[in-house]
Amino acid sequence: MTARFPGQGNPWIAVRPGEDVDVLAREMSTAHRLFVDDEPPSSDSVRSVVLDSWLRSRTKGVNPDGGNDSLALSGAELERYRDGHPMSIIRPVIRKLLVEDAADTGLLVAISDAEGRLLWVEGDATAKDRALTMNFAEGADWSEESKGTNAPGTALAVDHCVQIFAAEHFSRSVHEWSCSAAPVHHPTSGHILGAIDITGGPRVAVPEVLSLIRATVAAAESELRVHLMNSPKSLGDTAPRLEVLGSGRPGLVRGSGRLALSQRHAEILLLLGDHPEGLSSDHLAVLLDEHELDSVTIRAEMSRLRKTFGASGLASRPYRLVGELASDVGDIRRALDRGDVDAAMRIYSGPVLPGSSAPGIEEIREELRSRMQAALLRVGDPVLLAQWTSSIHGRTDVIAWEAYRATLNADSALYGQVNARIDLLDRQLGV
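Position one of the sequence shown corresponds to residue -8 (the working numbering), numbered consecutively onward.
None of these hints come from the bench; they were simulated from the model.
Errors might be hidden in some of the hints.
Below, computed lysine to aspartate or glutamate pairings styled on EDC-like, alpha-carbon distance capped at 16 Å [unchecked claim]:
#	residue 1	residue 2
1	LYS119	ASP92
2	LYS87	GLU214
3	LYS51	GLU358
4	LYS119	ASP150
5	LYS119	GLU91
6	LYS119	GLU129
7	LYS87	ASP115
8	LYS87	GLU113
9	LYS51	ASP328
10	LYS51	GLU212
11	LYS87	GLU212
12	LYS51	GLU136
13	LYS119	ASP56
Cβ-Cβ distance ranges computed for the label pairs, FRET-style [said to hold, decoys possible]:
#	residue 1	residue 2	range
14	SER361	GLN254	16 to 24 Å
15	ASN410	ASP11	54 to 62 Å
16	GLU167	PRO267	46 to 54 Å
17	ASN410	ARG297	53 to 61 Å
18	ASP92	ILE338	34 to 42 Å
Nothing here was measured: the structure is a model prediction, and the numbers come from that model.
By construction, the Cβ of each residue, glycine as well, lies at the ideal position given by its N, Cα and C atoms.
Take these sequences, add in the hints, and give me the full structure.
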């Protein structure tokens, strides 16, 4: 297989000037088949952004032969959701710059929310009908977790513009298509609001289309800034955000206000956020207390939580969140998913609800700590390892201390100090 990416070039561009798309399509198809068959393709034949996304897709259990073809939202529920979504504000700009010229071109223009749900799919009518066979439709979930590698889902996962060409898609049903997408950010908070995508044939994966997408995003974000000056509360700023990291009291942030939460209410919200499918009262009770709370106690807690969180944000039978709930835990997971360990370290102010002994919370806490440690060991950055080992959550992490020592000059005074620290930990922990 041809070595296309020997450490050079722009990894976000799929088809370089002068490349034969037919040859490239065959090479990517071979690489995809090798990967799915657990025969990893050579690292210089597949772009790093694509290979990383394939790995995430497989880890998250995405089936390359499809399987998730249900609509995340439909009917009146979809209408209400997208009409109130911040991306609706910039839809006229997107239509002016991209959609109006897409008729009879074989191209589709899609707008998604921050979770990868397609809010609008417009453009060539024939292409739109063809795309229905792979469920590329309004209301469908095209996040990486649902569909695997694809431009809108991967752009949201890595927070960067990206092109996906043919068999670079993880799902085989999408191999006939190519796409270019980029995330759209809130003009002040920087949080992702959604993504803009162009889907079509091979010509969608050339550098000029990625430049067009980036220019459209710039125009859209400029429109959002103007809108924000005139209507400061109209960009989803009231969407709740859960803060549960570190030793401070957990809280729920809405707009510029922060409401302190009880530990129990923070536990429930975090667990519901981790189980979007919902939890029965019995399952929630087990996750909150290894000795199992009774259903009466759970109902009472949920009743109190509705007064704090808002009755419209919680549903029953099963208990589940209605709408989005951001969290600092989710921010770290997304940073680690896209390989941004430095960003994850900036957010990781301490363990998840350190005072909680709820089994479900302990599992989340250990999962996040383990992922942080694994990412730090993989990167091997001495600055990040120094930060981790000097923090309350990493100061007894012998493995991290040893990794930090390996980055230092054996003749330096710092090496001696780190070595002494490891010896002390070995004695204290009985290693």
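Structure-based check of each hint:
Proposed proximity of LYS119 and ASP92 is supported: the alpha carbons are some 15 Å apart, at most 16 Å. Proximity of LYS87 to GLU214 is assessed by CA-CA distance (about 13 Å); at most 16 Å being required, the pair is judged to hold. With a C-alpha separation of about 15 Å, the suggested pairing of LYS51 with GLU358 holds against the 16 Å cut-off. A distance of roughly 26 Å separates the Cα atoms of LYS119 and ASP150; the hinted pair therefore is violated under the 16 Å criterion.
Of the pairs offered as hints, the one joining LYS119 and GLU91 holds, with about 15 Å between alpha carbons and a cut-off of 16 Å not exceeded. With a C-alpha separation of about 10 Å, the suggested pairing of LYS119 with GLU129 holds against the 16 Å cut-off. Distance restraint check for LYS87 and ASP115: the Cα-Cα separation of roughly 15 Å lies within the 16 Å cut-off, and the hinted pair is therefore satisfied. For the hint linking LYS87 to GLU113, the alpha-carbon distance of about 12 Å falls within 16 Å, and the restraint holds.
The hinted pair formed by LYS51 and ASP328 meets the criterion: a straight-line CA distance of about 11 Å does not exceed 16 Å. Proximity of LYS51 to GLU212 is assessed by CA-CA distance (about 31 Å); at most 16 Å being required, the pair is judged violated. Restraint check: the Cα-Cα separation between LYS87 and GLU212 comes to about 15 Å, which is no more than 16 Å; the hinted pair holds. The straight-line distance between the Cα atoms of LYS51 and GLU136 is roughly 6 Å, inside the 16 Å bound, and the hint therefore holds.
The hinted pair formed by LYS119 and ASP56 fails the criterion: a straight-line CA distance of about 21 Å is larger than 16 Å. For SER361 and GLN254, the hinted distance range of 16 to 24 Å is satisfied, since their beta carbons lie about 23 Å from each other. Evaluation of the 54 to 62 Å hint for ASN410 and ASP11 yields a pass: the beta carbon distance comes to about 56 Å. For GLU167 and PRO267, the hinted distance range of 46 to 54 Å is not satisfied, since their beta carbons lie about 31 Å from each other.
For ASN410 and ARG297, the Cβ-Cβ distance of about 55 Å falls inside the hinted range of 53 to 61 Å, so the restraint holds. The hint said 34 to 42 Å for the Cβ distance between ASP92 and ILE338, and at roughly 41 Å that hint holds.
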